[in-house]
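Take the sequences, apply the hints, and build the full model.
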Amino acid sequence: MRMLPNDVLPLTMVTPGQTVKLLDICAERKLRRRLTELGLTTGTELRVMQDQGGPVLIAIRDTRLALGRRMAQRILVDFRQEMPE
Amino acid sequence: MTEATIALAGNPNTGKSTIFNILTGSSQHIGNWPGTTVERKEGTLKDNRVPISVVDLPGIYSLAAYSPEEAIARDFIVIARPALVVNVVDVANLERNLYLTVQLMETETPLIIVLNMMDVASERGLSIDTQTLSRHLGDLPVIPAVASRGQGLESLRQMLTALVASLPQSSNGLVRQLDPTGVCCRNPNPPSVVIPDIIHRPRVISAASPASPYQIQRQVELAFARTIVAQPTLISYDQAIEAEISRLRAVIEQVPALTTSCSARWLAIQLLQGDEATLAVVEKAEGGAGVRRILTGSLTRLEQFYDDDIDIIMADYRYSFVNQLVRSVISRRGQMMTLSDKIDRVVTHRYLGIPIFLTIMWVVFKVTTDLTAPFLDWIDRVISGPLTRWVIVSLGIAGLDGTWVESLFVEGIIAGVGGVLVFVPVLMSLYLALALLEDSGYMARAAFVMDRLMNLLGLQGKSFLPMIVGFGCTVPALYATRTLDNEKDRILTGLLVPFMSCGARLPVYILVASIFFPDHTGLVIFGLYLTGIVTALVLGLILKGTLFKGEEEVALLMELPPYHWPNLKTVWFYLWERTAAFIHNAWTIILATSIVIWLLMAMPSGGQITFADTELNESAFAAISRAIAPVFAPLGFGQWEASGALVTGLVAKEVVVSTLAQTYNVVEGEAAMESTMFHDDLTEIGASFVTATADTVKSIPLIIGIDLFDEENETTPSELKVPIRQSFEAASRGHGSLAALAFMVFILLYTPCMATIVAERQVLGRRWMWLSIIGQLALAWLAAWVVFQGGLLLGLG
Chain A
13 MRMLPNDVLP LTMVTPGQTV KLLDICAERK LRRRLTELGL TTGTELRVMQ
63 DQGGPVLIAI RDTRLALGRR MAQRILVDFR QEMPE
Chain B
1141 MTEATIALAG NPNTGKSTIF NILTGSSQHI GNWPGTTVER KEGTLKDNRV
1191 PISVVDLPGI YSLAAYSPEE AIARDFIVIA RPALVVNVVD VANLERNLYL
1241 TVQLMETETP LIIVLNMMDV ASERGLSIDT QTLSRHLGDL PVIPAVASRG
1291 QGLESLRQML TALVASLPQS SNGLVRQLDP TGVCCRNPNP PSVVIPDIIH
1341 RPRVISAASP ASPYQIQRQV ELAFARTIVA QPTLISYDQA IEAEISRLRA
1391 VIEQVPALTT SCSARWLAIQ LLQGDEATLA VVEKAEGGAG VRRILTGSLT
1441 RLEQFYDDDI DIIMADYRYS FVNQLVRSVI SRRGQMMTLS DKIDRVVTHR
1491 YLGIPIFLTI MWVVFKVTTD LTAPFLDWID RVISGPLTRW VIVSLGIAGL
1541 DGTWVESLFV EGIIAGVGGV LVFVPVLMSL YLALALLEDS GYMARAAFVM
1591 DRLMNLLGLQ GKSFLPMIVG FGCTVPALYA TRTLDNEKDR ILTGLLVPFM
1641 SCGARLPVYI LVASIFFPDH TGLVIFGLYL TGIVTALVLG LILKGTLFKG
1691 EEEVALLMEL PPYHWPNLKT VWFYLWERTA AFIHNAWTII LATSIVIWLL
1741 MAMPSGGQIT FADTELNESA FAAISRAIAP VFAPLGFGQW EASGALVTGL
1791 VAKEVVVSTL AQTYNVVEGE AAMESTMFHD DLTEIGASFV TATADTVKSI
1841 PLIIGIDLFD EENETTPSEL KVPIRQSFEA ASRGHGSLAA LAFMVFILLY
1891 TPCMATIVAE RQVLGRRWMW LSIIGQLALA WLAAWVVFQG GLLLGLG
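Heads up: the protein sequence lines correspond to chains A and B, in order.
Each number in the working numbering corresponds to the 1-based position in the first sequence with 12 added.
Each number in the working numbering corresponds to the 1-based position in the second sequence with 1140 added.
These are calculated hints, taken from the structure and not from any lab test.
One thing to keep in mind: the hints can contain errors.
Claimed, not checked - So the derived label-pair ranges between C-beta atoms look like this:
| # | chain 1 | residue 1 | chain 2 | residue 2 | range |
| --- | --- | --- | --- | --- | --- |
| 1 | B | Leu1934 | A | Met25 | 29 to 39 Å |
| 2 | B | Ile1483 | A | Thr27 | 19 to 29 Å |
| 3 | B | Lys1186 | A | Leu21 | 51 to 61 Å |
| 4 | A | Thr54 | B | Thr1440 | 22 to 32 Å |
| 5 | B | Ser1167 | A | Val20 | 51 to 61 Å |
| 6 | B | Leu1439 | A | Cys38 | 14 to 24 Å |
None of the values given here were measured: they were computed from a predicted structure.
C-beta atoms are modelled at their ideal positions from N, C-alpha and C, and glycine is treated no differently.
Structure (structure tokens):
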């Protein structure tokens, strides 16, 4: 099920400190697979730790990952904060 | 001859190297995986009756074989077939680590799991049920460990010994072969013992109470007794995928050439994931031609069904399996901000990040240059003093004093090899700094901070460190490129590093610039450094658009591992291994070159003079230099003395000044040959070492700008200035300053030294080494030509 378009944002638009849910990676297959294998699967929660215009630092599944800016722009997330737990 | 080979596999930053170091001790040696720039580490299991060879596979996140590291690991496991794979798993990061475990299990290779970093996990409030984990992973042996404190590794060692000892001998084993032209059989020495497809299933052994060797032996025997022919499928994918796996498997099983080497299910999974290399191997095998047709059908059906790439769907399945598994074995006490996160808030901060990084780099740079300078002098003094004296005395006893043999030893071998040994303190201190930065976790942060800037040059953040190190010494800088995780970045950075003007080039600039530009010496030298940087930038942009065109877009994708105190053992091994590797690789090539240069200088070009008693300007060296000299005539320095200095400069830039002095016939202060007692020499060596250490301690405050040394001004001997000036003026027909500038530009841009070439061969491989040597020579000539001819055109000089 797809979210409403106004809830979908690229990772670079997320305020640091926010927890979001990964929706999609708009990249060619090779990069998509690399990211998926690092744990960026659809539906996974991630938190933006640091984003100051350069690479983006995220926390996902106990890992801290640094993503180059252009890569981060291709990662679409659902920023609605309704995750219980 | 080793009995069996075991491999260590796991994610990066799991403590795999620490485990490898403890298991193998000093028996290890490092090299490269054939045809790659990826480091290969191998050793033998310490204190073991049966010699077991241990291979440390590159740290990887997946077996997808998209990077050279992954391809190496996969091929080693599937083709070379180690007797056993030890999968090192970081408990504090269990999900992502187990993803690789699942892939390793799919290869149906015998597997043991080491759950490392149990201490970090408990600090973070995680507790793990190892029994349940083992059960869910098909009863794989699971050993909890804290590698940094050596905990759990004794159990691992015992288990490895027991398992390998109980392996069937090679005669009973199934001999595995795979098309040698296949997936890339990179392993030159396949293990001698090959084992059939069986999974060992001893019970979990806890780190707290290591089982006795007898117990382990018993468990192993039980495991073999329970050998299961058809291994139960660990992870089943969706029905649709499983159906296609079975379909492909059925076809593959009809190709005997394939199933003797790999599991049919694994091959089917690889094919569905779109692995080109596997498909090529399958099609090449006898009777494998029909597989592609079946595969195309399977992929079409699946893509219609899922409307997405199948490999991504399969990766998703593995993750959801792992996710459920982790939920059932790990309990968390609250989510908290870790200490690492708190440190990162400062260290990766927008405004603080770069100043912090530059401060650390400044310290590293100062440490490698200033702190080691006293030791450098010490080695130099020991070699040119006592060592030389001993050799002369020994040769004298053999009745060879004053002969050409003495000259060969003293002026050839000792001088040449000594010139390399003086690099050792620089290398060691640099490796120490690198090891501390790497092992503590800071290196990844540095790359994060510098990424934005380096992106402009087509490189990523991690390339910055080797560049900075290059201002100290090109050799360790080249080795530092090994910290880059992408082959293309490694090569591109390695090609650019020599343009960072190293410390050894500085004395040449000082000498020449002070003669021709006495009022602007500093400015000229600064300009040369800048020229080097600009050259690297421009060349980087050009290479990015040409040789490396079409290569994957450079983008940072990197884990920031949690900070931790560097492990002394790991740091020591890092330091020791790499220094030893350098010496090992350098001495032959340097020795050979030193002897050649000596021979050329000793051989007369005419007939009247005797061997080894030749005046330099009548030697073969001068003759060769004269022959080369016309090449440099358009650059303004066509006199043979200059080209001679450039030739020896190929050996090391340090000797350019002394060659100039020799060729212009300026007698350097000969070391007086006083006869000393052997123990006096030893005392002198000891005393000067103490002085060197004291000087090093004194130079620590230099890092922050406090100078405890008395002013020491080295002045250029004026007797050298006049002939150099005259000769440059004559060769350039009155444009001496321009010619001198062109000469310095040439010194800046051509191959720094012999040791650099050795390092390039080791790090970049032979092909890139030659490209670098030839490219730099061409570039140096062109740039010097532009400086001289351009200057003439503009009416300068």
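Going through the hints against the structure:
no., hint, in the structure
1, B:Leu1934 to A:Met25: 29 to 39 Å, "53 Å, violated"
2, B:Ile1483 to A:Thr27: 19 to 29 Å, "21 Å, holds"
3, B:Lys1186 to A:Leu21: 51 to 61 Å, "54 Å, holds"
4, A:Thr54 to B:Thr1440: 22 to 32 Å, "23 Å, holds"
5, B:Ser1167 to A:Val20: 51 to 61 Å, "55 Å, holds"
6, B:Leu1439 to A:Cys38: 14 to 24 Å, "22 Å, holds"
In summary, the structure is inconsistent with hint 1 from the numbered list given earlier, while agreeing with all the others.
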